[in-house]
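**Student:** Sequence:
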Amino acid sequence: MTRNNINSEEFSMQHLVFGAGLIGGYLGAAIAANGQKVCLIGRATVLDKWQQGIRLTDYQGNQSGPVTPELLSAERLREAPKGDILWLTVKCIAIEQAIRDMAPLIKADTRIFCCQNGLGAESLVQEAYPDNPVHRAVVGFNVTEETDATLHCGSEGCLTLERLHADDPVPTLVNTLRTPLLRMEYSNAMTELQWAKLQLNLGNAVNALADIPVKSMLRQRAYRKVLALLMDELLGVAKAKGLRLPKLTALPAAWIPSVLRLPDWLFERLANTMLAIDPKVRTSMWWDLHLKRKTEIAFLNGAVVEEALSLGLGCAANQVIHQLIREVEQGIRQPGMQADELLRRVTTGPL
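Numbered by full-length UniProt numbering, the letters in the sequence shown go through residues 1 to 351 in order.
What the hints contain is simulated information worked out from the structure, not anything from laboratory work. Be aware that one or more of the hints could be misleading.
[Unchecked claim] No more than 25 angstroms apart at the CA atoms, straight line, and that leaves these computed lysine-lysine pairs for DSS-like:
(1) K280 - K294
(2) K239 - K225
(3) K280 - K49
(4) K280 - K239
(5) K215 - K239
(6) K82 - K107
(7) K292 - K280
(8) K247 - K225
(9) K215 - K292
(10) K292 - K49
(11) K107 - K49
(12) K37 - K49
(13) K225 - K215
(14) K82 - K37
(15) K107 - K37
(16) K49 - K247
Just so we're clear, the structure is a prediction, and the values are computed from it rather than from any experiment.
Please model the complete structure; the sequences and the hints are all you need to start from.
**Tutor:** Here it is as structure tokens:
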């Protein structure tokens, strides 16, 4: 592979997934199922579950596998092949360490895709690897672990890759890797796309605090009102920054808060696609709290607060959510906040 050319007729490449958890494991297994060479790099405790292969399923009934990508624990990085493409799937809080650890895997023309939820990870990677093409990637779907060896895509959405310039081979890459189990697109407007994804990700913290599946959360109006307030603040920031957010769901970004505020009976009728998710799906932040890990709250709701304050805008709702998640992380508060209680806290403002 050269920096600006991917031969679609002889498209056999070495893919490395660095930080393979639920998203990285699903991504890598889907690429491997499409005939590519894939090495998943992650924690030994995660990889041990996949020794006999990974089976993929999704909410539309598609399935594949088991597939058997190469597995390599983070402790054995020196044994890993250098990658034509490196998919960086660690969380934002782990980016700086990952940048150092993945150095032995990078060739002169390795193409790096940053798959983080928050904002700004790709700038750190590009600074560390200035001669490599570094792309943003937005993951628009959720993945859960059905069994130790089965990863399940439980919601609509696709993987969108950044097209850096007119001669960028990303369109060829997308067309080659796209399958029913891995829906892919490319975009020239990733900043707007990242903010649109961030709008949807504001619900991660609400779900983590509610301690119930996402579908159950969305069926309660008070939780939806909390989410609407968070989104209102983000949309205000986006408007002040001159960003026009693309439509990632059946509704335009600006309409979503109004729909979330509808009475339950009307929301169920008009927002059926918003509820077209697996009833067991929970957000990544819920999993982080469940596993006693530090969350990405600073890069999600915290990022909205930081941008709002820099623009002189109010951001009380996101400040409260940021504070509540920090309290859970510190053991001061337990998750499981009732909808009315959470709405009261958010509307009261930060303490």
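**Student:** Does each hint hold? Answer for all of them.
**Tutor:** Outcome of the hint check:
1. K280 - K294: holds, 23 angstroms
2. K239 - K225: holds, 21 angstroms
3. K280 - K49: holds, 21 angstroms
4. K280 - K239: Violated, at about 34 angstroms.
5. K215 - K239: Violated. K215 to K239 sits at ~29 angstroms, over the 25 angstroms cutoff.
6. K82 - K107: holds, 6 angstroms
7. K292 - K280: holds, 20 angstroms
8. K247 - K225: holds, 20 angstroms
9. K215 - K292: This hinted pair holds, its Cα atoms lying about 23 angstroms apart.
10. K292 - K49: Given that 25 angstroms is the threshold and the Cα spacing comes to 20 angstroms, the pair holds.
11. K107 - K49: Given that 25 angstroms is the threshold and the Cα spacing comes to 30 angstroms, the pair is violated.
12. K37 - K49: With Cα atoms ~20 angstroms apart, K37 and K49 stay inside 25 angstroms; holds.
13. K225 - K215: Cα-Cα ~15 angstroms, so holds.
14. K82 - K37: holds, 12 angstroms
15. K107 - K37: holds, 16 angstroms
16. K49 - K247: Between K49 and K247 the Cα gap is close to 37 angstroms, so the pair fails against 25 angstroms, i.e. violated.
In this structure, the earlier hints numbered 4, 5, 11 and 16 are contradicted, and the remaining ones agree with it.
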